[in-house]
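**Student:** As you go down the protein sequences, you meet chains A and B in turn.
Heads up: the first sequence begins at 1 in the numbering used here, then just goes up one per residue.
Heads up: the second sequence begins at 1 in the numbering used here, then just goes up one per residue.
Calculated from the structure, these hints are not laboratory results.
Predicted model, so just to flag it, every value in this text is computed and none were measured.
Be careful, since some hints might not be right.
Unchecked claim - Below, in silico cross-link-like pairs of lysine-lysine (BS3-like), each with a Cα-Cα straight-line distance of 27 Å or less:
id, chain 1, residue 1, chain 2, residue 2
1, A, K143, B, K101
2, A, K21, A, K65
3, A, K51, A, K143
4, A, K21, A, K101
5, A, K65, A, K101
6, A, K25, A, K143
7, A, K158, B, K100
8, A, K158, B, K101
9, A, K65, A, K51
10, A, K25, A, K65
11, B, K100, A, K143
12, A, K101, A, K116
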Amino acid sequence: MILKFRNIQLVSLTNEIIQQKLIEKFGEELANFEEPYGMLTFEAPKDINLKVLQFLFDDEILQFKFMTDLCAVHYPDNVGRELAVVYHLHNLVDNIRIRFKVFTNINNTDVFTASKLFAAANWMERETYDFYGINFVGHSNLKRILNVDEMDYFPMRKEFPLEDQTRTDKDDEMFGRGRLN
Amino acid sequence: MRPVRFNIFGKEANIADAVATVQPPPGFGGEGFFTSKMSDVVGLARKNSLWPLPFATSCCGIEFMATMGSHYDLSRFGSERVGFSPRQCDLLMVMGTISKKMGPVLRQVYLQMAEPRWVMAVGACASSGGIFDTYSVLQGIDQVIPVDVYVPGCPPRPEAIIDGFMRIQDLVGQESVRRRNGAQYQALMTSYGID
Numbered sequence: 001m002i003l004k005f006r007n008i009q010l011v012s013l014t015n016e017i018i019q020q021k022l023i024e025k026f027g028e029e030l031a032n033f034e035e036p037y038g039m040l041t042f043e044a045p046k047d048i049n050l051k052v053l054q055f056l057f058d059d060e061i062l063q064f065k066f067m068t069d070l071c072a073v074h075y076p077d078n079v080g081r082e083l084a085v086v087y088h089l090h091n092l093v094d095n096i097r098i099r100f101k102v103f104t105n106i107n108n109t110d111v112f113t114a115s116k117l118f119a120a121a122n123w124m125e126r127e128t129y130d131f132y133g134i135n136f137v138g139h140s141n142l143k144r145i146l147n148v149d150e151m152d153y154f155p156m157r158k159e160f161p162l163e164d165q166t167r168t169d170k171d172d173e174m175f176g177r178g179r180l181n
Numbered sequence: 001m002r003p004v005r006f007n008i009f010g011k012e013a014n015i016a017d018a019v020a021t022v023q024p025p026p027g028f029g030g031e032g033f034f035t036s037k038m039s040d041v042v043g044l045a046r047k048n049s050l051w052p053l054p055f056a057t058s059c060c061g062i063e064f065m066a067t068m069g070s071h072y073d074l075s076r077f078g079s080e081r082v083g084f085s086p087r088q089c090d091l092l093m094v095m096g097t098i099s100k101k102m103g104p105v106l107r108q109v110y111l112q113m114a115e116p117r118w119v120m121a122v123g124a125c126a127s128s129g130g131i132f133d134t135y136s137v138l139q140g141i142d143q144v145i146p147v148d149v150y151v152p153g154c155p156p157r158p159e160a161i162i163d164g165f166m167r168i169q170d171l172v173g174q175e176s177v178r179r180r181n182g183a184q185y186q187a188l189m190t191s192y193g194i195d
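Construct the complete structure from the given sequences, taking the supplied hints into account.
**Tutor:** Shown next as structure tokens:
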């Protein structure tokens, strides 16, 4: 897309340019490029997540210097890569957002921390650890932030039902999840 | 002329109809003296001077604000003074969802109150967890502190909160002055891990 602005020609950043620059740098390591609702989405092996983030941050054209969100998703059927860590990045100059995912095995959830690069990741990585049990290697204070400290599981993982399992006063049959169901 | 006319047989307001006075306890009286039971007199004084401590975390707290306002006016029952220090208050009114993380805070507030103390759980969440049957919400405050009166509703209307308050007043008025030293009360406190 070419914009005329005060007689200066500006070539604004597009998804195609971002994808091209990423493939130039990392080649076959990046996979599954998609554009759901126009937002460029791709994934990388988890051990190069910081290299990709650093490249997106430092590159003079890409300039993804703002992390808007960091969270995880649990795909229990996705054996060997059950947990996805999702980064949402924003280029404030060209106002473009991208989504970057890394997948990890549920039995070894080590992922390098992005908190040295983005200060915002500090809080969000604690939250992600709290709910999904992702072990962010290198995080300065990785402990529960929203749930009670005594909690001994990661409640957003799919194997844990939404309902509180400790209560005894509710008759399950009245809530459609008992024997009659 | 208006089609409907109200109060066509209007009568003069009588102030005595609008003012309720507290009846004295049963006893024996005469010219210049009155005898009664100590516990009745203490109960009468206590029940008409309860200081509520509002512990409002969500929408039931909004209903409580209406209850304290001039229209419903909880101060009619002698609870003019809403205290925000647990040391001074008699009645802990818990209004709203209490998350598990808030549980120890609520318990601490309860422990800071001096005996005698009463607790009212207002609304479905404080009473049972309500619709929040989930990992993060305390399933009723009676899991961490003893509760005297439960007010159902989601949220309860101010009338319901006032009704619950009057049930508390009944308990306070009838309570024996020795109850808090009794073995049953001690057992209740012990069951909550409070000494």
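**Student:** Straight-line Cα separation of A/K158 and B/K101 no greater than 27 Å?
**Tutor:** holds (22 Å)
**Student:** Does A/K21 pair with A/K65 here, judged by a C-alpha cut-off of 27 Å?
**Tutor:** holds (16 Å)
**Student:** Would the pair A/K101 and A/K116 pass a check requiring their Cα atoms to be no farther apart than 27 Å?
**Tutor:** holds (18 Å)
**Student:** Taking only the CA atoms, is the gap from A/K51 to A/K143 under or equal to 27 Å?
**Tutor:** holds (25 Å)
**Student:** Just to be careful, I want the Cα atoms of A/K25 and A/K65 compared with a cutoff of 27 Å; is the pair within it?
**Tutor:** Within the cut-off at roughly 18 Å; holds.
**Student:** Please work out if B/K100 and A/K143 have their alpha carbons no farther apart than 27 Å.
**Tutor:** Holds: B/K100 and A/K143 sit about 17 Å apart, inside 27 Å.
**Student:** Taking 27 Å as the top limit, are the C-alpha atoms of A/K21 and A/K101 close enough?
**Tutor:** holds (17 Å)
**Student:** Mind checking the alpha carbons of A/K65 and A/K51 for me, to see if they're no more than 27 Å apart?
**Tutor:** Given pair A/K65, A/K51 holds - Cα atoms ~14 Å apart, limit 27 Å.
**Student:** Do the alpha carbons of A/K158 and B/K100 lie within 27 Å of each other, as the hint requires?
**Tutor:** holds (21 Å)
**Student:** With the threshold set at 27 Å, check whether the alpha-carbon distance from A/K65 to A/K101 stays at or below it.
**Tutor:** holds (17 Å)
**Student:** Is the Cα-Cα distance between A/K143 and B/K101 27 Å or less?
**Tutor:** holds (15 Å)
**Student:** Under the criterion that the straight-line Cα-Cα distance not exceed 27 Å, is the pair A/K25, A/K143 satisfied?
**Tutor:** violated (35 Å)
Checked against the numbered hints given earlier, this structure breaks only hint 6.
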